[in-house]
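As given, the protein sequences belong to chains R and E, one line each in that order. Okay, so the first sequence: first residue is 0 according to numbering that gives the first Met the number 0, each after it adds one. Okay, so the second sequence: first residue is 0 according to numbering that gives the first Met the number 0, each after it adds one.
Some hints could be false.
Since copy identity is lost for identical chains, a pair holds within one copy or between any two.
Calculated lysine-lysine pairs in the PhoX-like style (CA-CA distance at most 20 Å, straight line) [stated by the list, open to error]:
# : residue 1 : residue 2
1 : LYS467    : LYS595
2 : LYS133    : LYS116
3 : LYS467    : LYS438
4 : LYS116    : LYS18
5 : LYS113    : LYS71
6 : LYS133    : LYS366
7 : LYS272    : LYS298
8 : LYS273    : LYS298
Calculated from the structure, these hints are not laboratory results.
Number of protein chains: 2
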Amino acid sequence: MFQTYDDTANPALVAERAKRLRDELKRRGLDGFLIPRADEHQGEYVPPHAERLRWLTGFSGSAGLAIVLTDKAAIFIDGRYTLQVRSQTDVNIFEPQHLIEQPPVRWIEEHLPKGAKLAYDPWLHTIDAIARYKAAAEKAGGTLVPIDTNPLDAVWTDQPPPPDAPVQPHELKYAGEPASEKLKRVSASLDGADAAMLTMPDSIAWAFNIRGGDVGHTPLPLSFALIHADGHAELFIDERKVGPEARAHLGNVVSLRPKDDLAKALDDLGADKKTVLVDPATCASWINDRLQTAGAKIKRGTDPCELPKACKNAAEIDGTRAAHLRDGRALTRFLAWLGQTAPRGGIDEITASKKLEAFRADTGALKDLSFDTISGAGPNGAIVHYRVTQGTNQPLQPGELFLVDSGAQYLDGTTDVTRTVAIGRASAEQRDRFTRVLKGHIGIATARFPEGTSGSQLDALARMSLWKAGLDYDHGTGHGVGSYLSVHEGPQRISKLGSVPLRPGMIISNEPGYYKTGAYGIRIENLLVVTPATMIEGGERPMLGFETLTLAPIDLNCVEASLLTAEEIEWLNAYHARVREALTPGLDAETLAWLKDATRTI
Amino acid sequence: MFQTYDDTANPALVAERAKRLRDELKRRGLDGFLIPRADEHQGEYVPPHAERLRWLTGFSGSAGLAIVLTDKAAIFIDGRYTLQVRSQTDVNIFEPQHLIEQPPVRWIEEHLPKGAKLAYDPWLHTIDAIARYKAAAEKAGGTLVPIDTNPLDAVWTDQPPPPDAPVQPHELKYAGEPASEKLKRVSASLDGADAAMLTMPDSIAWAFNIRGGDVGHTPLPLSFALIHADGHAELFIDERKVGPEARAHLGNVVSLRPKDDLAKALDDLGADKKTVLVDPATCASWINDRLQTAGAKIKRGTDPCELPKACKNAAEIDGTRAAHLRDGRALTRFLAWLGQTAPRGGIDEITASKKLEAFRADTGALKDLSFDTISGAGPNGAIVHYRVTQGTNQPLQPGELFLVDSGAQYLDGTTDVTRTVAIGRASAEQRDRFTRVLKGHIGIATARFPEGTSGSQLDALARMSLWKAGLDYDHGTGHGVGSYLSVHEGPQRISKLGSVPLRPGMIISNEPGYYKTGAYGIRIENLLVVTPATMIEGGERPMLGFETLTLAPIDLNCVEASLLTAEEIEWLNAYHARVREALTPGLDAETLAWLKDATRTI
């Protein structure tokens, strides 16, 4: 199984660990230390040895920062985690702070004593972040100081070793473009820089057509790379991870170098007065400092793999279609089982989540879940980033809604899908809210828009029917999704922050929702791929549109048909007919019978 | 009359003027010079003595830049002006370049000779722009050099003098808030800076409750100001402009200083090591250089008056409602006259434009037009920023559409309205397009959205019905509008670039369109004010919405009712009923009879 359900936090451990860290800081003559959630690569998932924030504070969320001073400490979390942090950490040691309302920079300005040395590990923070912390420390009359070895690692006596999962070639039939061609494209795009520094493992995985297993749920090979303007590339990686097959695969396109050679490579770039492209939003401060000290010229810019990686080629799109067909059958088997079993009682969030994983494993192709399944019954469904544990587990009860947001990693594609189903009958209010969310979902699914349109322009289409009723939801409408890679990738997004134009081949989620705290949550999520739209008679401009990739029924028991327009009903019926036809081959008779009813014409 | 219709450009003059400038550059040992459209204040309108780009090149558009080198020269214009520039300048001297596709920085990189000195007048460029030009010049191996006196002014023998229009107090009944209170608010918002440098005359006009007359169509008092964190303010202005009444009005809130004192004031800030807030997007490079040389610390940030100015208070909103009522009657008298006269022939774009100005003048309250009226018949309506001259003037012919975009400056408010009317019958295609534009207009007018929503999120509501037909328009959907001030103001806008959240009190245009080159143009524009929306039963969040300010009929002859939803028809009928009821008092019988029919229920 790829998911566990244990409660791992133990607030009672926090005080002693904070004391050990403070003693170590004192020993080194430091007055404070920054402990981010991030590792050297700034990804959403980090390996166990980099779970420093969690070890120190108990907090297990996917984003956060702790600051330890000699006499006070704080932990900064966003709105998703305000409740969770209080159950996981010792709030007498780490005072919870809202990352946006009381940002770390302001806290530093207000609490860092004059003359104090606030230390940080330059491998774990981005260039942009350090610039902000530095200004804040100086405003307080203190200084921000980089340290060579992490004082927390020094006191974390049972810190796990760094990961060493083997690197796997990502076959051309899935990748669709040889690494050599990708390197040509990327090196030609450097716009005057002599080399690009790659620090994001998903960029490296994409560029060299490799995958790894260093973190959970995402097949990342943790490593660094340089792509030179002449097309030559260097991969800096723990050599234990590269077996003969991977070595043969990589041999023709990239120089393999030990991880520790990176420092020397940066020094060489500096000695030759090269201009190096670094992404200040993701590149570790250490790398920037090393380059500058060595004499290199820094060109700030976006990771040059980000956009080409986001625009999937035909092989990747075909792959994701196959992955969604497979995943849709597994999810439909689960939904059929749930529909037949849950109303009789005895199902809880964990049994449901395990059952869904089992159906996915049954496909024989499951490499991992793409994230921990969100399995939320009743009030737990209203917690947007809920993760069920033994301690929070709830039964699925008649009259409640059950929200399940889940996804899988297959060699041919990454899935991410949310369905909300009524256990028994849905109330009139629940049907009203569900149908408004569905109207928004259809608004995005059927959107046609010209090239150059950004996700922020489309966001309101998903929210209008809720806004008209004085309702809304507090998350984006869509995030980018990788191809057997990160389930959250940029730059594409549908949200008020989505300023990047959508381009053909981008995969993006369509997931409006509605959450009633203490009662229920609703989300309907399909993945989409941006496609050129068919030209309409009389149309003057090429338009783009979306093809829905996800194939699974939307619970008709929650739909109030009278709220839908004729076009919306037409979309729903056509989608359900497509789901039924696509999934039928390979489904058992019992599931098929359920599916026929679940996708009936309304 | 506030508008002229002459063709002023004479391409035959360009060669000789360019030669005079080049001779002057040579005399000073310079190899090139940048000539922007802007004056020292970066506004949309500039006084005659600052029309340097127009004098040199003949080009009269509202944005552009020329670069003169010893052996070549170029003029950079945006998509609005690609045709116009070719009719106005001598393209053998100034090669037209598209501002976006071949930006000046790239042209400099490619054409500036190694070792060349490219000069600029630091009063006429923003800090941001100079940073870009400097990098480009250095990339070409040359240098960018500021000059103390403008070489173009030296050869422009009949350059008009700077304007000296008197400053007028803007009465409290219109402004709604004493200048002393505004200064308190602004000085309290400086967030650590010791002073804010104001260079935008509309910010100064707002802050001190004054208006001026230094440029056309916008009542700006050209001047500079400093607002200090302690609440003290200094206004640097040509003292001839400040009569006894204005002096008395300003006396209590601001120190009046001669314009030439600004340099000393900046030097004093530097000597005291003060931190000064400057807006790099609008502040003249000269000011930044002077502050830095003097030792001041620069804090880059948005003009602190921009946002408070954009959020109109109750008196300003009441004023704009009164202005729109007055303006709506004038426009309706014009539309009635047009409807009765134009089908019989004999009307052309200029007579129509003059007639509309006359109806506005008839109100007795007209201070100026808020911009040159766009009066476009048939194909001229498809030119988005068309300005009619004797040379382009066309008759209004049956079977054509006539687009008229106009506005007025009244003491109580600024208007901006576009109507498109059929001369005789509209074709089926014209009705289809008009109705799609109307659906977009209604989509914006009826939008409800939560606080924090930005204009970019709403933009698609205006375009969806066009997108569905493969159509679009190449301009934003809405721009901010001032209160007896600029007809274009920020930060509010409805467009893909509108990232600032909309706030109650912001006035913004709602103007979707459709343009068929060589055939016709359609635009339907009303001004809106952002208001708190009435709470809906069951609604959970406070929502915002729009109140439509503009009052004038929308041509029902162009509406294809079968394309409208029941809700859209309801909106149109309710709007027309409101227009009819509001305008009726004070309209003559003939206009009233026409209005009744024009606003009939459909």
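Hints, one by one, checked against the model:
1. LYS467 x LYS595: neither (34 Å within a copy, 32 Å between copies)
2. LYS133 x LYS116: within (11 Å within a copy, 38 Å between copies)
3. LYS467 x LYS438: Both: 12 Å inside a chain and 17 Å across chains, each within 20 Å.
4. LYS116 x LYS18: Within. Shortest intra-copy distance 18 Å satisfies the 20 Å Cα cut-off; inter-copy 62 Å does not.
5. LYS113 x LYS71: within (15 Å within a copy, 58 Å between copies)
6. LYS133 x LYS366: neither (42 Å within a copy, 53 Å between copies)
7. LYS272 x LYS298: Within one copy only: 12 Å inside a chain, 32 Å across chains, cut-off 20 Å.
8. LYS273 x LYS298: The answer is within: 10 Å in one copy meets 20 Å, while 31 Å across copies does not.
Of the numbered hints given earlier, the model fails hints 1 and 6; all others are met.
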